[in-house]
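Chain B with the ligands: place on chain A using the hints.
Heads up: the sequence lines are chains A and B, in that order.
Heads up, the final residue of the first sequence is numbered 399 in our numbering, and it's a clean run with no missing numbers.
Heads up, the final residue of the second sequence is numbered 1442 in our numbering, and it's a clean run with no missing numbers.
If you are wondering where the hints come from, they were derived from the structure by calculation, not from laboratory data.
Glycine included, each C-beta is placed from N, C-alpha and C at the ideal position.
Treat the hints with care, as some may be off.
[What the hints assert, rightly or not] To give an idea of the chain A side of the interface with chain B (calculated C-beta under 10 angstroms), a few residues:
{"#": "1", "residue": "Met314"}
{"#": "2", "residue": "Leu317"}
{"#": "3", "residue": "Glu319"}
{"#": "4", "residue": "Arg325"}
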Amino acid sequence: MDDKKSITPKQVAEALNMYFNTAELQSLALNMDIPYDDLEGISRSETIISLVKYTQRHGVYEQLIKAIQETRPYINWDKFSQQSVQESKPAALEKDVTNTLNVSSSTHHITSDEVKLAPSSASQQLEDFYFRVNRLQQQFQEIQDITGLNDEETQNLLNLLEDAPHEFLRDLLSRHDDPTLEQYAQNYAEMEHELGIALVGQGKWHAGLRRFDRSLTIRRLLDNLDERADTIYQIGRTYQLMGNLAEAQIRYRDAMRLYQHTGNKAGIAACNLNLGTVAIQLGFIDEGIAQIQKARLAYRQDDNDKKLQEIDEIMHFVHRVKEKERV
Amino acid sequence: MSTPDDLWAQAGDIFDAWGLSEIPFTESAVELGQKQLRQLFTGRENELRQVFNLVRGRERKRIFVYGWVGIGKTAFLREIIGVLERKAPKTLASYISLLPGMDLSTAALIGLARKLPKDDYAQHLLTQMGLPASQRAVEKKTTVKAGLSGSGVETTEETSPFSRPLYPAASFEALLDRAYQKFDRIVIGIDDLEKRNPDLIRQMLRDEQGLLKSNAWFFLTGHPATITHDILARELGLFDLALELKPLDQTTSYRMLVNYLNSVRPKEKQRDYDELQAVWPFTQDTARELCARSEGIPRMLNRLGSYVLLKAAELGAPMITPDVFQAGVEFADQQLRGQSGLTIEEMYILELVLDKGVLSDESVTLEELDKVRTKEFREILPILDNLVQRDLLKRLPSERATEYAPSPLVRIPKSDPPV
Ligand SMILES: Nc1ncnc2c1ncn2[C@@H]1O[C@H](COP(=O)(O)OP(=O)(O)OP(=O)(O)O)[C@@H](O)[C@H]1O
Ligand SMILES: [Mg+2]
Chain A
73 MDDKKSITPK QVAEALNMYF NTAELQSLAL NMDIPYDDLE GISRSETIIS
123 LVKYTQRHGV YEQLIKAIQE TRPYINWDKF SQQSVQESKP AALEKDVTNT
173 LNVSSSTHHI TSDEVKLAPS SASQQLEDFY FRVNRLQQQF QEIQDITGLN
223 DEETQNLLNL LEDAPHEFLR DLLSRHDDPT LEQYAQNYAE MEHELGIALV
273 GQGKWHAGLR RFDRSLTIRR LLDNLDERAD TIYQIGRTYQ LMGNLAEAQI
323 RYRDAMRLYQ HTGNKAGIAA CNLNLGTVAI QLGFIDEGIA QIQKARLAYR
373 QDDNDKKLQE IDEIMHFVHR VKEKERV
Chain B
1024 MSTPDDLWAQ AGDIFDAWGL SEIPFTESAV ELGQKQLRQL FTGRENELRQ
1074 VFNLVRGRER KRIFVYGWVG IGKTAFLREI IGVLERKAPK TLASYISLLP
1124 GMDLSTAALI GLARKLPKDD YAQHLLTQMG LPASQRAVEK KTTVKAGLSG
1174 SGVETTEETS PFSRPLYPAA SFEALLDRAY QKFDRIVIGI DDLEKRNPDL
1224 IRQMLRDEQG LLKSNAWFFL TGHPATITHD ILARELGLFD LALELKPLDQ
1274 TTSYRMLVNY LNSVRPKEKQ RDYDELQAVW PFTQDTAREL CARSEGIPRM
1324 LNRLGSYVLL KAAELGAPMI TPDVFQAGVE FADQQLRGQS GLTIEEMYIL
1374 ELVLDKGVLS DESVTLEELD KVRTKEFREI LPILDNLVQR DLLKRLPSER
1424 ATEYAPSPLV RIPKSDPPV
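Bound-form chain A, shown alone (with noise of 0.2 angstroms):
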């Protein structure tokens, strides 16, 4: 608790600005419920501060402390006290460049034979390259002018960016045994996931997507089957929103498999409801009606009263369609 209270906010907004790309900002926001759209500031650095400063004005501050530490755990605060965050002039750009892409061949970076040999350095490696990364970011950002590029060749350019440590997460996870390692790539695949789900739910079908892809790349790459599986019943159930119930059918059958070998009841629940769901769209409705009796068996175990009266709804309907087509 004590380190807590010594990170100052400056501290905090210098940390955010390092270590977070701006979807990880959005998406860090989101679980806090603060509305990053609505912060003040035009730049990122000046969202930034607005995003402390809310958080100092309704007493969350020490939350977004907790969950900095929790998504990043390697943070070393002390570097920023002690050297404040150099302005990023554009002469330095090129050698950021040189070095952030030369990354694996760099001698004070990795070479393959020293990863093999020291496998506890794979999440100082990370560090370094998100470092790197997320400061080409900002300079880009702010040296538009200089680089002549227009709003949306920067916004390339970014995207690009922000491929490159999930690109490198996924190859250090699956060369490595590391549990900060791991440990790391799971809050990050968990806050892609949650990202994509409010992505999803704002009907930003194709942006949520991208996002269950990146946290499902990773979590293929972990041992948790029942984490893996609901980015696959996530990903599932956008697909049927975006009516490709070919699409989503198979991704629900593929959650379902990894639920019923784990054992989770839940899951395998909202799989035969939504599978239910999708035969009924298809015209398979005496099928689709017998899987959903299975998801009210099990909800009705559970007493989970909200699911129970959902599937009431939908069986009410499917029933009344049948009946107009008897006539």
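Chain B with the ligands alone, transformed into the frame defined by chain A:
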């Protein structure tokens, strides 16, 4: 000992005994000329009738033709385009295959421009895209000699690093206006939508509604899985007719076989469907067996027919008896499975399907997926589709599940007799 010259003569002897000038079968309808296609095209009367009834109306329409791999979408589309070109007055009809990286507007633009050889703007557009101008399109294919030794092997490569025009939809509209000064009806057939990722197709159909609603007739083709019936008809209301090509019945398959054989017979030796000799060198039995095994899928009939004739030629068999046919079936199996370039994963998965008879996303178990080193059916889907493209597997036409079975060209290993 036979010299190569003797062998060549002997091979000729067999074809003489069969009364055929060469093996008539082809894998894809793209390879056929308009004249050949006209001679070979069999059946689909109902489907053609539906389409022609629509086309006779004044109002322009959008038609979607769908069916599984090798069912005859390309043949059907090209036949329609051919009939319209020959018979419909003042009609421009053009066929084009949607290449990877091409959007619908660009495809439509190229298709239209190619049919306007005398229009400067059209030819300018083609040149601008880095494509050969009309008419000379075919001759201009670059021929590349493979190897240094001059082995005589020539491969034709269509190198088309076309550059996309800036506003393909607008260019298309402009060109359409010009074309309508000369024609009363303009029909563009865009083939092979299914070769693209389904989500991309959905997106494309949404984005390019403007194009599809422009003043031209459109025919598009795809797989049922790509764009399902309900999306087409209800959600987008984009198509006036969604036409499914189903497997041919046995009688039609039989007639198709006769047409193929006739196409390589001298004029005076051509036979009617009801003549017993119509399927020679096949016997009635082996001809029916060929049709039955192909399950009404034209590509299967073509491939299997071709393997059987190749084997028969090798055996020097003057007639396709049941034994010769069986040897041909085994030859097909051997050739297909021995295909070079199968990855370890593809081989694993092929074995799994052969083992099970039917692999379904509904009934596959986690243990089985584990064996192919995954935990999700979705991850092996691209591999399954690849195996379908290679004619090793077929996709079953069920909507209830995503199911694959060995193709009729691959023999299922006989399971042990029940105890
Ligand atoms: N109605 C038909 N009459 C005669 N031959 C046909 C007919 N339909 C298809 N074929 C032949 O069967 C083969 C496969 O047909 P085609 O290439 O049209 O299939 P497709 O559905 O377009 O396949 P893909 O899904 O691979 O694009 C070709 O050799 C074609 O000429
Ligand atoms: Mg085709």
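Hint by hint, here is what the structure shows:
Checking methionine 314 of chain A against chain B: minimum C-beta separation of about 8 angstroms stays under 10 angstroms; hint holds. With 10 angstroms as the threshold, the beta carbon of leucine 317 of chain A comes within range of chain B, its nearest partner Cβ sitting at about 7 angstroms, so the hint holds. About 7 angstroms separates the beta-carbon of glutamate 319 of chain A from the nearest beta-carbon of chain B, less than 10 angstroms, and the hint is met. The interface hint given for arginine 325 of chain A is met, as the beta carbon of that residue sits about 5 angstroms from the closest beta carbon of chain B, less than 10 angstroms.
The structure fails none of the hints (numbered hints given earlier).
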